[in-house]
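Go ahead and model the full structure; you've got the sequences and the hints to work with.
Residue numbers (the working numbering), protein chains in the order written: chain A, 1 to 469; chain B, 1 to 277.
These are computed hints drawn from the structure, not numbers from a lab. Accuracy of the hints is not assured; some may be wrong.
Distance condition first, Cα-Cα at most 20 Å in a straight line; then the derived EDC-like pairs of lysine to aspartate or glutamate [unchecked claim]:
(1) A:Lys345 with A:Asp242
(2) A:Lys11 with A:Asp448
(3) B:Lys238 with A:Glu39
(4) B:Lys238 with A:Asp242
(5) A:Lys285 with B:Glu37
(6) B:Lys195 with A:Asp63
(7) B:Lys238 with A:Glu181
(8) B:Lys238 with A:Asp448
(9) A:Lys54 with B:Glu37
(10) A:Lys285 with B:Asp231
(11) A:Lys464 with A:Glu207
(12) A:Lys464 with A:Glu351
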Amino acid sequence: MQPLSAEQREKAFGSSKKAEIVERQRLPVRYHVEDFYVEDRPRRFLEAFAAILKHTNYRVALDHYIRISAKCARCSVACQVYEATGDARDVPCYRSELLLSVYRRHFTVSGVLRGRLLGDPGLTDEKVQEMAASFFDCTACRRCHFECPLGVDHALITHLGRYILSEIGIAPRALVVSTREQLIGKSGNTSGIPVPALLDSLEFLSESMQEERGIEIPFPIDQEGAEYLFLPAVSDFMMEADTLMGNAAVFRATGDSWTIGTGYYDGINYGLFYSDHVLEHVLRKIHDEAERLKIKKIVIGECGHASRTAKYFYPAFCGGRSALPVLNIMEYTHQAWKEGRLKLKPNAIEETVTYHDPCNIARPGWIVQQPRELLKAFCGNFVEMTPNGRNNICCGGGSGTVSIDEIRPYRTTVGGRAKAEQILATGAKYCVAPCANCKKQLRELMEDNHIDCQIVGLHDLLYKAIIFD
Amino acid sequence: MEFWIQFGRGPLFAVAFSLMVLGVARILVLTIVGIVEAYRRSWDRIVNWKEVRRQTVHWLVPVGRLWRSRPVYSTLSLLFHVGLLLVPLFAGAHVLLWRRSVGFAWKAIPQSPTDVLTIITLVAGAGLLLGRVGSAAARSISRPQEYFWPLLLLVPFATGFACSHATLSPRTYQSLMLLHVYAADLILALIPFTKIAHCVLTPLSQIVTAVAWKFPPGAGDRVAATLGYADCPSWIPKARLAKSGHVVAPTVAKTATERVEVKLAKQEVTAQEVTAQ
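Structure, rendered in structure tokens:
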């Protein structure tokens, strides 16, 4: 990869933030942060760290990582951010060491003794500032985890680092504001979409489909006892009409009972990106809605992080092994197609189509083959990016950074650079990115890098290929 | 000098070896207890054991990974580790020493393969060190111990090789042997307390990571309560700030920072009020 030009560098690392805000908050980061108590930050960071260690399972991992980390730098080859910047501070292991060194110094006996003996003052405010900047440069895509011979999961450390920072008031305003609306706001979802607007929008979509396909494709609302509760990223209701129509069409074709609950209809969970506390409370909202409607299974729409939070953390907070099963809509569609309940017209899409794996669902090996099999069933010309599947490259907007609009130049110049080159190399007309975050990031990436490729969801294309009985 | 060599091979070795065994047992037990505790604390007990096993085996025998990234460095690393494990355990002289002192031992590797392995280890070790110095990414994350360890590890290999081959004057031989024995004792004793501990802990990495991602239910609430924010979580920052015992309103706000803090502190928005809004 070519190194960044001086102009690109300036664009990517520049910040539109006012100098007085940076000074007031003593926080030289590109993203906006709500005003919070600035004094005594290192002490409060350590208090929050201690409280989190006391009540969670991170300690075992940190202990293990400080013992085994051999600093081999192999992770550097897996990181698209480091590849683009070439800055040593973007090596995943360097980033992790920021937090691991704090742990070693303040939470291990040898570290405390050594600190006392050598007169090491320990955590400083500069270091807190460095962590605040560094942990939000990482997209927590977990690709480096696969490259670490010793099994260190740098994304886990980024996740923990952000959680601690959020407890002392340092978290991107974009995420915090959305979460607040979701948890205590009137609309109860991250986009602030009220129920009447939702119903209007769905009715309109239903009518459009009636016109296009000549049959009634409903969006069932508040159907008690339905088999599936459908939770897309709430932004889909306003921004991704085509995806939603595809989703509804699949349910119509299979004939399964499904519903959207007006009590809660947002799959988004920014807790994964900065706070376990938020993560749990948002999942509880899903749980409450599922209980209210006596649902049997939860289906998450085309959204990577929403699917991962529900699949991997719903059991953690809402019932363990007896928690409701969670599916991604692509999993559902694939299953129906395999069972012959969904028929697709071969070669319905003739243009070149490629597939972008959202990290959150591909990295664990959960959803890799299903969308590909579906795409091959109705696309005449499907091409792969390299690398792909579990080893894919992140779109550059992972871990919530896509929602932070003020860092768009950084995302499209640094974070998404490798992805842009990958997509360009395929020469595809459509890039299927079944994730609300990836879609937004990739669209901005295509626009800023002047690449002519249309970013769509899987169900956007699938909608055109469904054969209704 | 002969006495000191014997001392290093005998009592000192016994101490170093015991330290290693006990230290390694300690970290192993601590890690396993940690894993079990974490597992029991979480509600979600669904672990993808197949994946954990696959990744663990994958990295214990990383042959398939060599060519995917940094092929030269990876190959050198693999060769280095193979030599590091085999030579000390199976060198003829070591096996003989063990049999003499304990009464039983295992089969040794013949001299010439041992020599080849030793040379490979030395070359690979030197290569790794050069690779570290030469790579900006590796340099940026290297602590002093990252340079010290490979050098220390290579000392017994170089001296052992010299002692078993070169025709040396008795004095040189003894000095080298002394260095060989004491360096090896030092390494053994330090294993559990340094990053070399990865030689026993690596098989547990994947499972440690898997359980660390299991978040215990209610942990977020308990963290907030411990920090004194039981009824105002982080998504109500103003309430948190007002409630915060950390805010001591200065009589005269001098800086812009202080003014903001005082202003926010005066608003005294409680969690309930914000919720009501």
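Identify every previously stated hint that the structure contradicts and give their numbers, smallest first.
4, 5, 8
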